[in-house]
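Student: Residue numbers (my numbering), protein chains in the order written: chain A, 1 to 473; chain B, 1 to 201.
Honestly, the hints are just simulated from the structure, not real lab data. Nothing here was measured: the structure is a model prediction, and the numbers come from that model. Among the clues, some could well be false.
[Claimed, not checked] Under the rule of at most 30 Å between Cα atoms (straight-line distance), these lysine-lysine pairs were calculated in the DSS-like manner: (1) 166/A to 267/A; (2) 165/A to 135/B; (3) 168/A to 192/B; (4) 67/B to 40/B; (5) 167/B to 166/A; (6) 192/B to 267/A; (7) 267/A to 193/B; (8) 167/B to 40/B; (9) 92/A to 40/B; (10) 192/B to 165/A; (11) 284/A to 10/A; (12) 52/A to 193/B; (13) 10/A to 192/B; (14) 171/A to 10/A; (15) 318/A to 193/B; (16) 58/A to 165/A.
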Amino acid sequence: MPAPRTLYDKIWDDHVADQAADGTCLLYIDRHLVHEVTSPQAFEGLRMTGRKVRAPEKTIAVPDHNVPTTLDRANAATMTEDSRIQVEALDKNARDFGVNYYPVSDVRQGIVHIVGPEQGWTLPGMTVVCGDSHTATHGAFGALAHGIGTSEVEHVLATQTLIQKKSKNMKVEITGSLRPGVTAKDITLSVIGATGTAGGTGYVIEYCGQAIRELSMEGRMTVCNMAIEGGARAGIIAPDEKTFAYCLGRPHAPKGAQWEAAVAYWKTLYTDEGAHFDKVLTLKAEDIAPVVTWGTSPEDVLPITGVVPSPSQFEPGKAEAVQRSLDYMGLTPGQKLTDIAIDTVFIGSCTNGRIEDLRAAAAVLKGKKIKAGMRAMVVPGSGLVRAQAEEEGLAQIFLDAGFEWRLAGCSMCLAMNPDQLSPGERCAATSNRNFEGRQGRGGRTHLLSPAMAAAAAITGHLTDIRQMMPEHA
Amino acid sequence: MDKFTKLTGIAAPMPLVNIDTDMIIPKQFLKTIARTGLGKNLFDEMRYTQDGAEIPGFVLNQPAYRKAEILVAGDNFGCGSSREHAPWALLDFGIRAVISTSYADIFYNNCFKNGILPIVLPADQVAILMDDAKKGANARVTIDLESQTVTTSDGQSFPFEVDSHRKHCLLNGLDDIGLTLEKASAIDSFEKKAATLRPWV
Ligand code: SF4
Numbered sequence: 001m002p003a004p005r006t007l008y009d010k011i012w013d014d015h016v017a018d019q020a021a022d023g024t025c026l027l028y029i030d031r032h033l034v035h036e037v038t039s040p041q042a043f044e045g046l047r048m049t050g051r052k053v054r055a056p057e058k059t060i061a062v063p064d065h066n067v068p069t070t071l072d073r074a075n076a077a078t079m080t081e082d083s084r085i086q087v088e089a090l091d092k093n094a095r096d097f098g099v100n101y102y103p104v105s106d107v108r109q110g111i112v113h114i115v116g117p118e119q120g121w122t123l124p125g126m127t128v129v130c131g132d133s134h135t136a137t138h139g140a141f142g143a144l145a146h147g148i149g150t151s152e153v154e155h156v157l158a159t160q161t162l163i164q165k166k167s168k169n170m171k172v173e174i175t176g177s178l179r180p181g182v183t184a185k186d187i188t189l190s191v192i193g194a195t196g197t198a199g200g201t202g203y204v205i206e207y208c209g210q211a212i213r214e215l216s217m218e219g220r221m222t223v224c225n226m227a228i229e230g231g232a233r234a235g236i237i238a239p240d241e242k243t244f245a246y247c248l249g250r251p252h253a254p255k256g257a258q259w260e261a262a263v264a265y266w267k268t269l270y271t272d273e274g275a276h277f278d279k280v281l282t283l284k285a286e287d288i289a290p291v292v293t294w295g296t297s298p299e300d301v302l303p304i305t306g307v308v309p310s311p312s313q314f315e316p317g318k319a320e321a322v323q324r325s326l327d328y329m330g331l332t333p334g335q336k337l338t339d340i341a342i343d344t345v346f347i348g349s350c351t352n353g354r355i356e357d358l359r360a361a362a363a364v365l366k367g368k369k370i371k372a373g374m375r376a377m378v379v380p381g382s383g384l385v386r387a388q389a390e391e392e393g394l395a396q397i398f399l400d401a402g403f404e405w406r407l408a409g410c411s412m413c414l415a416m417n418p419d420q421l422s423p424g425e426r427c428a429a430t431s432n433r434n435f436e437g438r439q440g441r442g443g444r445t446h447l448l449s450p451a452m453a454a455a456a457a458i459t460g461h462l463t464d465i466r467q468m469m470p471e472h473a
Numbered sequence: 001m002d003k004f005t006k007l008t009g010i011a012a013p014m015p016l017v018n019i020d021t022d023m024i025i026p027k028q029f030l031k032t033i034a035r036t037g038l039g040k041n042l043f044d045e046m047r048y049t050q051d052g053a054e055i056p057g058f059v060l061n062q063p064a065y066r067k068a069e070i071l072v073a074g075d076n077f078g079c080g081s082s083r084e085h086a087p088w089a090l091l092d093f094g095i096r097a098v099i100s101t102s103y104a105d106i107f108y109n110n111c112f113k114n115g116i117l118p119i120v121l122p123a124d125q126v127a128i129l130m131d132d133a134k135k136g137a138n139a140r141v142t143i144d145l146e147s148q149t150v151t152t153s154d155g156q157s158f159p160f161e162v163d164s165h166r167k168h169c170l171l172n173g174l175d176d177i178g179l180t181l182e183k184a185s186a187i188d189s190f191e192k193k194a195a196t197l198r199p200w201v
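Please work from the sequences and hints to get the whole structure.
Tutor: See below:
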């Protein structure tokens with residue numbers, strides 16, 4: 001009998017095109033997603049060497065990082081000169097090299113990690129790469145998905161392979177069921193809080209356990225999205241009936257007999273009984289509370305009921321970083337997290353810009369108004385998410401509450417477009433990074449779930465969503 | 001890609017842990033379509049005030065370290081985004097090697113693709129090199145890739161590990177794509193096999 005293998009082992013084994021004596025492999029890539037920021041130098045490299053894109057039909061490009069999300073964005077003047085050059089470069093490269101392309105004017109345009117699954121490009125058992133660290137998102141489908149640098153983008157364009165050494169296996173199991181008010185975002189932040197931002201370095205994490213099985217596909221994408229914040233190469237979740245149901249009927253999913261064959265193969269994609277994991281972390285779902293970040297690293301996570309910690313609670317090295325964080329964030333040790341006043345709310349990003357996220361936020365906001373003076377925006381993850389939210393009446397709820405209702409893009413997740421924080425502004429954000437300056441120089445970011453972001457927009461300070469749920473009202 | 005064989009140079013100490021790629025090169029400088037010219041914005045927000053004046057306390061602004069070629073850094077250097085602009089900015093400034101206890105995965109890979117050597121050493125040895133770096137411009141650290149050693153200014157030598165394929169590429173300044181294209185027939189036959197096993201892909 002063959003040795004039991006993990007899900008990662010199986011996908012890996014099915015994609016090794018060549019193996020050198022020292023274990024270095026050429027891993028075949030099934031889907032290559034491309035956006036405008038990390039690709040221009042790669043296409044330029046192809047031109048300079050006279051190389052072609054080996055598999056344009058497996059390459060999908062969409063501009064997302066720079067594009068304005070205001071309603072007037074069709075007007076080129078809404079983009080700064082350098083952003084426009086990058087987007088135009090992608091337009092030209094997509095045309096010249098003949099890859100699949102969703103331009104800004106296409107309703108299917110959006111954040112690359114939302115467009116891929118939505119269009120059925122991302123399927124179980126595939127290898128998926130993109131010049132973007134949050135490629136981990138696609139692991140929710142039981143795909144091996146990870147971020148690569150621009151030199152590797154060029155390598156994949158030219159050869160449809162990546163030079164890789166296998167990572168180690170890590171299992172993160174979430175047992176039991178989540179309590180009310182606790183979401184996929186709280187799971188993924190709590191895992192990073194437990195492992196630290198380097199805890200997953202060198203590993204591919206498989207998330208499993210009852211709480212993960214109970215998540216929707218959207219929730220699973222949220223969990224895998226932030227595997228990278230825990231340092232992991234990728235996050236992955238075994239596909240099941242929910243996964244197949246999500247994929248069925250998507251434009252690029254297989255049809256008819258091919259669909260049947262695909263599902264039969266996908267059903268073999270699970271970790272065998274007794275397979276070896278190099279590292280295991282188990283959390284009880286019941287112990288996970290709604291959480292927020294207080295510092296400038298995603299590992300700076302605490303339950304919303306907590307207080308700002310003191311540097312003296314940390315080891316030397318980290319203590320300095322904590323002091324620097326607190327200075328930057330303008331917080332004092334001992335301050336209650338729920339006393340932290342915020343002035344900006346951002347709902348969106350590849351972590352939490354999907355329809356379910358907008359539904360969760362709208363459920364909290366329905367019939368309510370955001371605090372006077374609050375700047376709040378919802379940026380749907382794709383044009384199709386936006387259209388669906390309009391159809392479901394969510395857009396009107398956001399508008400009535402006082403939110404701006406934007407077009408799709410990365411927006412204030414990384415503030416490369418005009419959506420930025422000013423120095424000292426404090427934002428409750430559903431995105432994935434709270435680094436210094438991430439949302440604008442001097443801007444302060446607290447990461448949380450969409451429902452918690454909506455709650456904060458109403459009260460004007462970080463808020464325990466459980467206090468706003470019906471049994472408390 | 002420039003070869004990396006042996007380097008004796010000034011090492012700048014950056015003891016902070018979790019130095020992320022947003023700190024190394026903030027996103028406003030990612031809007032370039034070229035690989036060069038990012039050195040002046042390396043560590044921009046730590047290095048300059050909002051109006052562009054140098055912050056004198058920042059290590060690379062100090063006279064001793066303006067020509068640093070090596071960084072000695074705290075744990076988990078280069079975490080965060082996949083931007084290759086981070087190693088491009090380091091390289092454009094003149095940094096050819098980094099020494100730390102650990103790196104984020106993508107950043108670590110990206111370094112090798114650009115002729116930068118990221119060295120992993122145990123915490124106690126990084127601490128010794130950090131102290132050595134703090135001595136300033138006269139304390140030159142030597143890195144020998146062939147023999148896989150780092151040597152402090154006072155002659156203490158530490159061995160380090162490096163993947164043999166990456167070492168070979170770095171020593172010879174080889175381009176990965178060229179090497180892979182030599183294996184085109186393996187890729188062709190993989191594609192044929194995959195087309196029958198997983199035709200929907
Ligand atoms: S939404 Fe944010 S994290 Fe996601 S791809 Fe865009 S910039 Fe990156």
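Student: All hints, please: hold or fail.
Tutor: Going down the list of hints, with the structure as the test:
no. : hint           : result
1   : 166/A to 267/A : 23 Å, holds
2   : 165/A to 135/B : 38 Å, violated
3   : 168/A to 192/B : 29 Å, holds
4   : 67/B to 40/B   : 13 Å, holds
5   : 167/B to 166/A : 18 Å, holds
6   : 192/B to 267/A : 23 Å, holds
7   : 267/A to 193/B : 20 Å, holds
8   : 167/B to 40/B  : 29 Å, holds
9   : 92/A to 40/B   : 29 Å, holds
10  : 192/B to 165/A : 23 Å, holds
11  : 284/A to 10/A  : 28 Å, holds
12  : 52/A to 193/B  : 22 Å, holds
13  : 10/A to 192/B  : 19 Å, holds
14  : 171/A to 10/A  : 15 Å, holds
15  : 318/A to 193/B : 50 Å, violated
16  : 58/A to 165/A  : 23 Å, holds
Hints 2 and 15 from the earlier list are contradicted by this structure; the remaining hints agree with it.
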